[in-house]
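Participant: Take a look at the letters that make up each chain.
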Amino acid sequence: MWGTMRQRVSYLALNRTRPVVYASRSYASGPKQMTVREALNTAIDEEMSADPKVFLMGEEVGEYQGAYKISKGLLDKYGPGRVIDTPITEAGFAGIGVGAAYHGLKPIIEFMTFNFSLQAIDHIINSAAKSNYMSAGQISVPIVFRGPNGAAAGVGAQHSQCFAAWYGACPGLKVLVPYSSEDARGLLKAAIRDPDPVVFLENELLYGQSFPVSEEALDSSFSLPIGKAKIEREGKDVTIVTYARMVDYSLQAAEILAKEGISAEVINLRSIRPLDRSAINASVRKTSRLVTVEEGFPQHGVGAEICMSVIEESFDSLDAPVERIAGADIPMPYAANLERMALPQIDDIIRAAKRTCYRSAPKAAAA
Amino acid sequence: MALSLGKSKRILQCLKSKICVVGLGKNSFWSGWFHHGCPSSMAPLAPTCRNPDAVLVNAATQFATRRFESTKAEKHVDSLCDAEGNQLLDFPGGKVAFTSEMRFIPESPMERAHCYRVLDDNGQPNVSNFVQVSKEVAVKMYATMLTLQVMDTIFYEAQRQGRISFYVTSIGEEAINVASAAALSIDDVIFPQYREPGVLLWRGFTLQEFANQCFGNKADYGKGRQMPIHYGSNKHNYVTVSSTVATQIPQAVGAAYSLKMDGKDACTVTYFGDGGSSTGDFHAALNFAAVMEAPVIFICRNNGWAISTPVSDQFRSDGVVVRGRGYGVRSIRVDGNDALAMYTAVCAARKMAITEHRPILIEALTYRAGHHSTSDDSSKYRPVSEIELWRMARDPVSRLRRWIESNDWWSGEAESELRSNVRKEVLDAIQVAERVEKPPIAEIFTDVYDAPPSNLCEQEKLLRETIRRYPQDYPPDVPAL
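Those sequence lines, one after another, are chains F and X.
For what it's worth, UniProt numbering labels the leading residue of the first sequence as 1, then goes sequentially.
For what it's worth, UniProt numbering labels the leading residue of the second sequence as 1, then goes sequentially.
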């Protein structure tokens, strides 16, 4: 089952930087902590329990308890009829999932990483995304494609690409990008319940991260609205729009910028499609400056779309050109030092924010 | 020291595998110590090995009895060999017999898989063991096949006249379409490729409904979203045609799995051509269907051509039927131009699929007597004489007619009456469809998602305003309101 190309990365996430926790950490009476892994596991468990039509399918999801242990315990609880280990064929099981969805089941298709979803992309785009439209509403596809997306740690070019921009371009799909455990729980539940096909982009390095979760989020009926961004940190000088793991880096950058007198507003997109353009624009109209941060490749990326949205709706509010921080325009190298340089770091975000505030030397000199 | 049964079995196998490498033969000392197929007793280790972990609950007693059986080693050897005395080994996936003869499985069989047929070229049954079809069903099959043929001819012409943009005929494959549909129930879900409108026709889709889709008008169930011949209808349990080749095959498996989970007395049926069988989707679907034990019937219309690619360039296997065994799927080759053979085979396949929860592969041999589509001129890559031969001498419609005529269920008068009625009906349907309005502007933006998102609502408003301001720039036959 484990080919040499599918390197297993330890599910104990390799922390590069520790997440900033804003709630108090008193274990006696503080809010409950939950890892993203637990959040996803409980979300799938609860939705499967509530609706017998929901089932999980993918490589290693059953006996192995999930390649990253997201589906731990589910095979024992729901049996092999609803937690299905598949042969190695993304095209095959994505197609089967789509067919099951056509007939009224609610499949959750797990890709070991979204890099492997390329094998199935025809089914995701040409079948799942477009069928409702092409059939004029006769065929709905209540399917969720989920799995880790973007860079992990030392997994090389074919296991590190971010597909937010690829799937985000496609009408008919919804594309979600959770960051915290609450995001993961609420958005996955919403995705499973949604009648449209949803691409749910997780991040392997976030699986082991712990976040505080509210009482409300622990309830089995909890869900978050799809298409609404969250303002993680309020500010008034510059807007930083980002998603997934980069939310953590942006929050850390905001902390450092605050000490230098720049108050940054950090927006966690939560959803790439639909994109919460009104939240982004409202923020830019308040701060007049924008930095977008993403892990993915720069050309045709999420930041490009955000920039265009702001130009279309809030051009007059901008006091500085939009800054775009993205991964390097190269296939991801393996060596740790090279990998680090190929991904945005906190300093990159800080420099970009300062550039919009005219607090630093021009970009060419700062490079 | 009691070990659980499972654990001890594994230890036993582990030991066996280690020892077997050394070379077990019929006279091996070790072989006497192992028992196959004896779930309740586990053979202890050979007396010289004192591994307490492998000693089981009853070891002492067994040990004692076995010591006296050591001279009877030959008796236990059988359990390690098959009936011919070939040695077996437990590989993951099951026991396999060894052989000392190195023999490659030939790439092609001595004889090609035989093709099941009931009616000969003159429409006379050459066997009696086919599913007896009543007069009603037989005449309905024939009438539907003839309707399909007439409909195809006229729609093709309509495309040539520029009235519709595109069309795909099913000439030569009427029996596959209609006879298979006749053998199924309305609850069986159809996942078509694009050359199976006969299935819809059998199920009651009207000529007007076909015409509406081809013209993409307001009455089209597809709301003008797709090219002609991309029919789909929930109430007829026919999944909307999607242009992508063979994607419907794994989808049919998924839907079959869903039917199985619901315990329905139904299966899914999917159609594809010889070309479609080359895709990755075909492979994954058949493999998966066997593993998942899904009630699905795969019908391959092997019509000899994938646009201009002949089967000799498509694969080198004995057609598609032999691949079934490669996946553990029961399969049969049928004369696709023989309506009764198709009917019988699909009846049997359906029963097996549903009661035994297994996939079935049917390879229907036929010939694509028409062009691939209106965008193709097949005389460019195949001899016209070949096309004519199949069209005239091997027409499935004529073959069935000869049979029903021989039963006095049909006549020349009935034939001309049906032909002229259908022709008139198709022409009327086309004329009506041509004049019906196109779908309204609102339908550009609906069904992208379950509920229209805000950006599309805005765009629709903007579009309406623009049309109001510049009506001369927009087509007059698209209702703006």
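Rather than coming from a laboratory, the hints here were simulated on the basis of the structure.
Careful, some of the hints might be misleading.
As the list claims (entries may be wrong) - Here are some, though not all, of the chain F residues that point toward chain X, as calculated from beta-carbon distances under 10 Å:
id	residue
1	96
2	129
3	330
4	334
This structure is a prediction, so every number in the text was calculated from the model and none was measured.
Cβ coordinates follow ideal geometry from the N, Cα and C atoms, glycine included.
Participant: Run every hint past the structure and note whether it holds.
Facilitator: These are the hints, each one checked on the structure:
With a cut of 10 Å, the hint placing residue 96 of chain F at the interface with chain X holds, because the nearest CB-to-CB distance is about 4 Å. The beta carbon of residue 129 of chain F is positioned within 10 Å of a beta carbon in chain X (closest approach about 9 Å), and the interface hint is therefore held. Checking residue 330 of chain F against chain X: minimum C-beta separation of about 29 Å lies over 10 Å; hint violated. Hint status for residue 334 of chain F: violated, given a least beta-carbon distance of 29 Å to chain X, over 10 Å.
The structure fails hints 3 and 4 (numbered hints given earlier, in ascending order).
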